[in-house]
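Protein chains: 2
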Amino acid sequence: MNLLLLEEADFIAADLVVLRDRRLTHMQEVHRVAVGDSLRVGRIGGLMGSAQVLRLEATEAELQITLDQPPPAKLPLTMVLALPRPKMLRRVLQTVAAMGVPRLVLVNSYRVEKSFWQTPFLEPGAIREQLILGLEQARDSVLPEVVIEKRFKPFVEDRLPALSAGTLGLVGHPGQYPPCPRGLDEPVTLAIGPEGGWIPYEIDLLAKAGLQPVQLGERILRVETAVTALLSRLF
Amino acid sequence: MNLLLLEEADFIAADLVVLRDRRLTHMQEVHRVAVGDSLRVGRIGGLMGSAQVLRLEATEAELQITLDQPPPAKLPLTMVLALPRPKMLRRVLQTVAAMGVPRLVLVNSYRVEKSFWQTPFLEPGAIREQLILGLEQARDSVLPEVVIEKRFKPFVEDRLPALSAGTLGLVGHPGQYPPCPRGLDEPVTLAIGPEGGWIPYEIDLLAKAGLQPVQLGERILRVETAVTALLSRLF
Chain L
0 MNLLLLEEAD FIAADLVVLR DRRLTHMQEV HRVAVGDSLR VGRIGGLMGS
50 AQVLRLEATE AELQITLDQP PPAKLPLTMV LALPRPKMLR RVLQTVAAMG
100 VPRLVLVNSY RVEKSFWQTP FLEPGAIREQ LILGLEQARD SVLPEVVIEK
150 RFKPFVEDRL PALSAGTLGL VGHPGQYPPC PRGLDEPVTL AIGPEGGWIP
200 YEIDLLAKAG LQPVQLGERI LRVETAVTAL LSRLF
Chain H
0 MNLLLLEEAD FIAADLVVLR DRRLTHMQEV HRVAVGDSLR VGRIGGLMGS
50 AQVLRLEATE AELQITLDQP PPAKLPLTMV LALPRPKMLR RVLQTVAAMG
100 VPRLVLVNSY RVEKSFWQTP FLEPGAIREQ LILGLEQARD SVLPEVVIEK
150 RFKPFVEDRL PALSAGTLGL VGHPGQYPPC PRGLDEPVTL AIGPEGGWIP
200 YEIDLLAKAG LQPVQLGERI LRVETAVTAL LSRLF
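Chains as they are written, first to last, in numbering that gives the first Met the number 0: chain L, 0 to 234; chain H, 0 to 234.
So here's chain L without its partners, still in its complex pose:
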């Protein structure tokens, strides 16, 4: 945790918070703070700054908050991702938040196992928990928007064209395609397939929605690694 994120409910006054949960434990056990110490903090959805420890007890801490810095810029990106297996989903949500993706669409694909849609990790509270871990890691205070699209065809035909309008549309896909471009400044809509890749029908439909296949070389990467590699190369 490189940033302590504050929820609205933590505030007992405009510049005072009381913490009692895992953040208190972390302050005590990892940061080993004492009264008077300063910590980096951010208000979820708002500014970042510092907190001074006013009071520290076994069950709660009171902090005085100064919020005066903007969070880091997000990437100019909408990411469309075939739903990964549950364990990978949690890590990908952290990575997406840490890397600064502002909008993630989790979509079905032929090679997504149906059981993956049953995971409790898709519940809004569980998604938010992983996103917050990513923001705490990277020092960002703004949650990405996560949209769930359980049906591929209606999403790609009816909603993706509007989402990708005015952006460079790309699909990460192994094969004889142009290499993924580097160091872009323009907005991008990027689709990343499941383990095993998109099927040709899906590639066709994504192309009709304006997303062209690009490749990252012959090595097959895990989803989490592919997400990081594509983002790092694009921006």
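Note that these hints are calculated values from the structure, not bench results.
Among the hints, a few may not be true.
Identical copies go unnamed one by one, so any copy, or any two together, can satisfy a pair.
Unchecked claim - Cross-link-like lysine to any residue pairs, in silico, SDA-like; alpha carbons within 20 Å at most:
1) K73 x G174
2) K86 x Q129
3) K149 x S49
4) K86 x L132
5) K73 x F10
6) K73 x A164
7) K73 x V146
8) K207 x L66
9) K86 x V29
10) K73 x R42
11) K73 x L215
12) K149 x L204
Just so it is clear, the structure is predicted and the values come from calculations on it, not from any experiment.
With chain L held as given, fit chain H onto it using these hints.
Same frame as chain L, but now just chain H:
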């Protein structure tokens, strides 16, 4: 597992192997192979190609092997990495092997906890196991070389200058440094610090050995994510 890797001990003739371990289980439970099916294989340290299932029983399988393809090229890179915490070490070893790093030096640093050096995951067999998982994922048959340097100063002063001679020497480090370069063709020696970063003394010593700091932006990434992001941007 996108590639079945074969050990010398699996061969019962020049083009025949017998498998009995987790690879047999994987073939049966994940790939659901039958007699006559073909699989992608690679000989560790050698060529890649295909295998045909000749015989499949509950406890062993016999495969006929054709090896006729070179493994994918490695990156022109030596990576120097401050030893991560044990759980992260395992994932980083997989990532390093999957991304095509040919040589990894695990080194001490002021912010590496002493206990990390006690982990059984540093034993040669445990390191090899994680590297093989990475190679199986990415479809590569050549193990990276992993060197362990438990003392920072003698390594950086006495051995790093020879390792980095004739390469572009870089240290990934947050701060007011030039951005990490993109799309290089030349050989690189890249050092990546621990959680919390290198200390100034270490940055000075690395600079004297020819490695200059570069940064990836203000977001603080987990070690595994930073490794992937730096490699994807450099090459």
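Now the hints, each set against the structure:
1. K73 x G174: between (30 Å within a copy, 19 Å between copies)
2. K86 x Q129: both (11 Å within a copy, 18 Å between copies)
3. K149 x S49: Neither: 41 Å inside a copy, 37 Å across copies.
4. K86 x L132: Both: 15 Å inside a copy, 17 Å across copies.
5. K73 x F10: Neither: 26 Å inside a copy, 52 Å across copies.
6. K73 x A164: within (19 Å within a copy, 38 Å between copies)
7. K73 x V146: The answer is within: 17 Å in one copy meets 20 Å, while 37 Å across copies does not.
8. K207 x L66: Close neither inside one copy (45 Å) nor across copies (39 Å); limit 20 Å.
9. K86 x V29: between (25 Å within a copy, 18 Å between copies)
10. K73 x R42: within (16 Å within a copy, 44 Å between copies)
11. K73 x L215: Between. Shortest inter-copy distance 14 Å satisfies the 20 Å Cα cut-off; intra-copy 23 Å does not.
12. K149 x L204: within (16 Å within a copy, 53 Å between copies)
When the structure is compared with the earlier hints, violations turn up for hints 3, 5 and 8 and for no others.
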